[in-house]
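Asker: From first to last, the protein sequence lines stand for chains A and B.
FYI, in the working numbering the residues of the first sequence are 1 to 263.
FYI, in the working numbering the residues of the second sequence are 264 to 673.
It should be emphasised that the hints constitute simulated quantities derived from the structure, not laboratory data.
Each hint should be verified, as a subset may be incorrect.
Among the chain A residues that face chain B by a calculated CB cut under 7 Å, a handful are [as the list claims (entries may be wrong)]: (1) D204; (2) A223; (3) L226.
No residue lacks a Cβ here, since even glycine has one placed at the ideal position from N, Cα and C.
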Amino acid sequence: MKSTALQHIQTRLFLHAVLPTLDAVIKASPKAQALLKDNHFSVCFKTRSGLSASYFFTTGGCEYIPGGSTSAGIELLFLTDGQAAATFLEQKTFPPLPTKGFSALGKMKTFVALTLEMQAWLKPDAAKLAGEQFRQIFVPMTLGLALRAVAQLCRSERRFREQLAAGPQGLAAFQLGKDGEPVWLRLVTNELTCGQGEPADTPDVRVIFHDSVLAAEALQDKADALTAVGNGAIEVLGLVPLADHLNAMMERVQGYIDPPAKQ
Amino acid sequence: MNTHYEKSLQLFDRASKVAPGGIYGHMSPAACLPGASPYYAVRGEGCRYWDVDGHEYIDFMCGYGPVILGYNHPEVDEAAAKQRELGNCFNHPTERFVELVERLVSLVDFADWGVLAKNGGDVTTWAIQVAREHTKRKKIIRLKGSYHGVDPWCTPGHGGLIEEDREHIHHFAWNDLTAFQGLVERYRGEIAGLIISPWHHPVFADSDFGAPGFLIGLERICRAEGIVLISDDIRGGFRLNIGGSHEEFGYTPDIVCFCKALGNGYPISAALGTDALRVAASKVFLTGSYWNSAVPMAAALKTLEILERDNVIAKIKQTGQRLSDGLVKIGEKHGHSIKPSGPPSVPFYRLTEEKNFLRQQQWCAEAMQRGAFLHPHHNWFICAAHTDADIDAGLQIADDALAACVKQWD
Ligand SMILES: Cc1ncc(COP(=O)(O)O)c(C=O)c1O
Numbered sequence: 001m002k003s004t005a006l007q008h009i010q011t012r013l014f015l016h017a018v019l020p021t022l023d024a025v026i027k028a029s030p031k032a033q034a035l036l037k038d039n040h041f042s043v044c045f046k047t048r049s050g051l052s053a054s055y056f057f058t059t060g061g062c063e064y065i066p067g068g069s070t071s072a073g074i075e076l077l078f079l080t081d082g083q084a085a086a087t088f089l090e091q092k093t094f095p096p097l098p099t100k101g102f103s104a105l106g107k108m109k110t111f112v113a114l115t116l117e118m119q120a121w122l123k124p125d126a127a128k129l130a131g132e133q134f135r136q137i138f139v140p141m142t143l144g145l146a147l148r149a150v151a152q153l154c155r156s157e158r159r160f161r162e163q164l165a166a167g168p169q170g171l172a173a174f175q176l177g178k179d180g181e182p183v184w185l186r187l188v189t190n191e192l193t194c195g196q197g198e199p200a201d202t203p204d205v206r207v208i209f210h211d212s213v214l215a216a217e218a219l220q221d222k223a224d225a226l227t228a229v230g231n232g233a234i235e236v237l238g239l240v241p242l243a244d245h246l247n248a249m250m251e252r253v254q255g256y257i258d259p260p261a262k263q
Numbered sequence: 264m265n266t267h268y269e270k271s272l273q274l275f276d277r278a279s280k281v282a283p284g285g286i287y288g289h290m291s292p293a294a295c296l297p298g299a300s301p302y303y304a305v306r307g308e309g310c311r312y313w314d315v316d317g318h319e320y321i322d323f324m325c326g327y328g329p330v331i332l333g334y335n336h337p338e339v340d341e342a343a344a345k346q347r348e349l350g351n352c353f354n355h356p357t358e359r360f361v362e363l364v365e366r367l368v369s370l371v372d373f374a375d376w377g378v379l380a381k382n383g384g385d386v387t388t389w390a391i392q393v394a395r396e397h398t399k400r401k402k403i404i405r406l407k408g409s410y411h412g413v414d415p416w417c418t419p420g421h422g423g424l425i426e427e428d429r430e431h432i433h434h435f436a437w438n439d440l441t442a443f444q445g446l447v448e449r450y451r452g453e454i455a456g457l458i459i460s461p462w463h464h465p466v467f468a469d470s471d472f473g474a475p476g477f478l479i480g481l482e483r484i485c486r487a488e489g490i491v492l493i494s495d496d497i498r499g500g501f502r503l504n505i506g507g508s509h510e511e512f513g514y515t516p517d518i519v520c521f522c523k524a525l526g527n528g529y530p531i532s533a534a535l536g537t538d539a540l541r542v543a544a545s546k547v548f549l550t551g552s553y554w555n556s557a558v559p560m561a562a563a564l565k566t567l568e569i570l571e572r573d574n575v576i577a578k579i580k581q582t583g584q585r586l587s588d589g590l591v592k593i594g595e596k597h598g599h600s601i602k603p604s605g606p607p608s609v610p611f612y613r614l615t616e617e618k619n620f621l622r623q624q625q626w627c628a629e630a631m632q633r634g635a636f637l638h639p640h641h642n643w644f645i646c647a648a649h650t651d652a653d654i655d656a657g658l659q660i661a662d663d664a665l666a667a668c669v670k671q672w673d
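Start from the sequences and build out the full structure, keeping to the hints where you can.
Answerer: Quick look at the structure:
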């Protein structure tokens, strides 16, 4: 893949799949909440190539609005997707150009601190992962991110669109525990939506992780899922190939937002 | 998890410590009914087998196809035993090789030569190489949702693949002749082969026959464009027509691939082709440590003999029809329509009220628990050992199983 195309995808994924995770992070993390105490702000990222998203931060969470919002307090413009991707991947690059909210730019320190906190949640160390409470948050948070990313890629990437068209389509729901709140993705050509909570329609496939350790491992590509399905730790009900197909796409997401060192 | 399958689950636990996935591939519990189906078999007889928990099943999968005469068929086993006394694996093939290939060539109308291997995928992959060698072209066309084995060009799995593996593999939808024509126009002069099955038998979906003109239309285009037509008859071979299922559906391929039913459970597969491809076939290297083993060849010779002698194909068609009629009636009785598709001896059944297979999975799980192995997602297989009484016993179980489900659903 050409590096400009890759950078465009990476930017899109960060704007629309990774950064929206800040909502779950703020809700779960007292540290993030403390950062935002009496410190509410909003920021809109734009790229010259036409990508944009806005985020409104309060102690209660982060509202993500796809597209530029005129009401965002700060507006930052990336001149190239490469610059945006490098920024989000924490590689060396020029800072984006502020086009609005110069006086509020200091808030971006809070934004950076929030993204660091998000990193700590998304890439936990072993000690953190050992906690049941942590995993109960980590699993749906990571699943939500992966599903948003798949939806983005299917919308924007020819190869993913082809993969989508070649495989089974439908509504897939994933949850931790029988009564856990599902995250879902409707994977249908021309209708790629994802969300949290019980979907309005009956899912075509429901994947239930009965064990949070295994779920966390599965999301980090460290689990033998075939065994887990066989011994009941993961239950897959309904259109199994849809879950399988989606799983294959989710695995590919990682390569974009956490590329191997050589890339 | 269901304690009904306690020993299966215990064995699986042991297996998964030493084998990735525990059980992999099409027999993985993940592909059937995890926790609600047997995982390990102990022995079989006729159309029945017993699992490690001691449960008996009337089997409607027949080992996923190979068992066409019944488990432990005495005559086939005797032929195999006789050859085993002489030897199985040598420095050379035995006369059985020559006899079996001669026999196959005599059975298949268009065939001038044949080769033998072990598994279906051995010969489908080899066949596309022959097509490429013969035409000196790169591209292979296949049907969406078709299955041809686990080599990188066609595996339904995701792991270990690189984009280049499929760079020259293109798909079109079953019964969409226009789409095939479109591919031919787009890649004119680049297409080496088209691989089809005689009817469409995907998993998690109804089976589908070729619409009028579809298969013959494919053949005509292949002839006009110099594309090698490969018939993957691994699923249905010897269950529909002793000369290959293509005869049943009125088209003539250049290569046909067989496996499954050929050896009644002994490991053997075959590809047969036309004279025009003989030189190319001779150039595409093929072999394997056990490909010349004589025992499976002796078993295959005996299997073919019995298939003809006992008119097995007509019989399993009738038996399959009895099952189909019975299941449709059971569906009507409970107000949950069951749709048969595909040929009666290799049928697929589905509850029509849903697309997600949730109820189908419950129904099949109930049937398994009661002693009939009904697969919820894959086509079933009928064998010569299924008597009318076995079918009726299977139907009774299917009926009871659906009744138990309906209680929960309605
Ligand atoms: C139509 C078809 N082609 C190819 C294969 C691959 O055969 P094998 O699993 O023996 O390699 C199968 C196996 O089920 C099949 O059904």
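Asker: Work down the list of hints and note, for each, if the structure agrees.
Answerer: Consistency of the hints with the structure:
1. Interface restraint check: D204 of chain A against chain B, minimum CB-CB distance 4 Å, threshold 7 Å, status holds.
2. Nearest Cβ of chain B to the Cβ of A223 of chain A: about 11 Å, over the 7 Å cut. The hint is violated.
3. Hint on L226 of chain A holds. Least Cβ distance to chain B is approximately 4 Å, under the 7 Å limit.
Against the hints set out earlier in the document, a violation occurs for number 2 only.
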